[in-house]
Each structure stands twice: as structure tokens, then as C-alpha cells.
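Numbering (the working numbering), first residue to last: 394 to 445.
Source of the hints: derived by calculation from the structure; they are not laboratory data. The structure displayed is predicted, hence computed values, not measured ones. For glycine and all other residues, C-beta sits at the position ideal for the given N, C-alpha and C. One or more hints might be untrue.
Listed next, the in silico DSS-like pairs over lysine-lysine satisfying Cα-Cα at most 25 Å (straight line) [unchecked claim]: (1) LYS423 - LYS445; (2) LYS410 - LYS423; (3) LYS445 - LYS421; (4) LYS424 - LYS394; (5) LYS445 - LYS410; (6) LYS445 - LYS416; (7) LYS394 - LYS410; (8) LYS416 - LYS394; (9) LYS394 - LYS421; (10) LYS445 - LYS394.
Pair ranges (Cβ atoms, derived) [stated by the list, open to error]: (11) ASP411 - LYS445: 28 to 36 Å; (12) ASN412 - LYS445: 29 to 37 Å; (13) VAL427 - ASP403: 17 to 25 Å; (14) LYS445 - LYS410: 25 to 33 Å; (15) GLU397 - THR433: 13 to 21 Å; (16) SER425 - ASP403: 27 to 35 Å.
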Amino acid sequence: KTTETNSLGDFWFRWLKDNRTFKLRIEKGKKSTVIDSICTDDDRNLGDIPLK
394 KTTETNSLGD FWFRWLKDNR TFKLRIEKGK KSTVIDSICT DDDRNLGDIP
444 LK
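Using the sequences provided together with the hints, build the complete structure.
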């Protein structure tokens with residue numbers, strides 16, 4: 394699935410089940426990055442994510 398940022402630059406993935414681990418891929422044009430392990434046990438602040 395895909396989602397877009399809100400007016401604050403936050404991304405919400407409300408359809409993900411709690412207490413699970415997921416891989417996150419972020420893409421913009423030809424640039425992308427992958428975060429291999431994110432757990433949904435709590436809200437996460439991933440900080441700035443540079444695209445390569």
C-alpha cells in the first residue's frame with residue numbers, strides 16, 4: 394500500500410496491525426530508501442530520512 398505525508402510531514406499507516414514488524418520503502422522519483430524493521434507497538438519518530 395502507499396500513503397502520502399500530511400501537512401506536518403508525518404506519515405500515518407493506520408491500516409497496519411499493532412505489535413507487528415514491517416519493512417518500509419520510501420520513494421520519490423528515482424530516489425528511494427528502505428528501513429528494514431519497524432515495529433508497530435508504538436508511535437515512531439524516524440527523524441529525517443535521506444533518499445539515495
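Hints violated by the structure (listed by number, smallest first):
Going through the list in order, the structure violates hints 2, 5 and 16 and respects the others.
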